[in-house]
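Let's have the full structure, built from the sequences with the hints guiding it.
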Amino acid sequence: ENEICKVCGYEEVLVFALEPDGESYRVSGVKDKSRTEVAVPSNYKGLPVTVIGFEAFKGCKKLVSVTMPDTVETISENAFYSCEALLPSCFPQILKALKKALFSIAVSLKTSKYRNQ
-11 ENEICKVCGY EEVLVFALEP DGESYRVSGV KDKSRTEVAV PSNYKGLPVT
39 VIGFEAFKGC KKLVSVTMPD TVETISENAF YSCEALLPSC FPQILKALKK
89 ALFSIAVSLK TSKYRNQ
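Mapped onto my numbering, the consecutive letters of the sequence shown carry residue numbers -11 to 105.
Where hints are given, some of them may not hold.
Label pairs and their in silico Cβ distance ranges [stated by the list, open to error]:
no.: 1; residue 1: Ser53; residue 2: Glu11; range: 15 to 21 Å
no.: 2; residue 1: Pro8; residue 2: Val52; range: 30 to 36 Å
no.: 3; residue 1: Glu43; residue 2: Leu75; range: 18 to 24 Å
no.: 4; residue 1: Pro76; residue 2: Ala5; range: 17 to 23 Å
no.: 5; residue 1: Glu11; residue 2: Leu75; range: 28 to 34 Å
no.: 6; residue 1: Glu72; residue 2: Asp9; range: 31 to 37 Å
no.: 7; residue 1: Leu35; residue 2: Val1; range: 15 to 21 Å
no.: 8; residue 1: Gly10; residue 2: Val52; range: 30 to 36 Å
no.: 9; residue 1: Glu65; residue 2: Glu25; range: 22 to 28 Å
no.: 10; residue 1: Leu35; residue 2: Thr55; range: 16 to 22 Å
Subject to a maximum C-alpha distance of 25 Å in a straight line, what follows is the list of computed SDA-like cross-link-like pairs (lysine to any residue) [unchecked claim]:
no.: 11; residue 1: Lys49; residue 2: Val1
no.: 12; residue 1: Lys21; residue 2: Phe68
no.: 13; residue 1: Lys50; residue 2: Leu35
no.: 14; residue 1: Lys50; residue 2: Leu75
no.: 15; residue 1: Lys49; residue 2: Thr24
no.: 16; residue 1: Lys49; residue 2: Phe68
Keep in mind the hints are simulated off the structure, nothing from the lab. For glycine and all other residues, C-beta sits at the position ideal for the given N, C-alpha and C.
What follows is the structure, encoded as structure tokens:
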């Protein structure tokens, strides 16, 4: 009710979009940009959350902390643009997701039939 679970008290503060493959979700935005803390769930509607989308947290100037699950494999361009208060303690999680994304890109390039073009 009003985006708050009456059973567990969970408040849905993120906006999700189903990925084109239909097998996972991306965080595409934040409902309240004045939040100071956000926890990205590992699953949404029974599917893993694997992407932090383009400009998903853009303009969250008071955001201090983002907790990300291991399911996040990609952080899109400008995902944290203008998050001026984001603490360095969040960076290891962000870097871990970026490393996964870069590794996936490298493997794709290595196996691509276009790699020599």
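**OP:** Of all the hints given earlier, name the ones this structure violates by number, lowest first.
**Re:** The structure breaks hints 1, 4 and 13; every other hint is satisfied.
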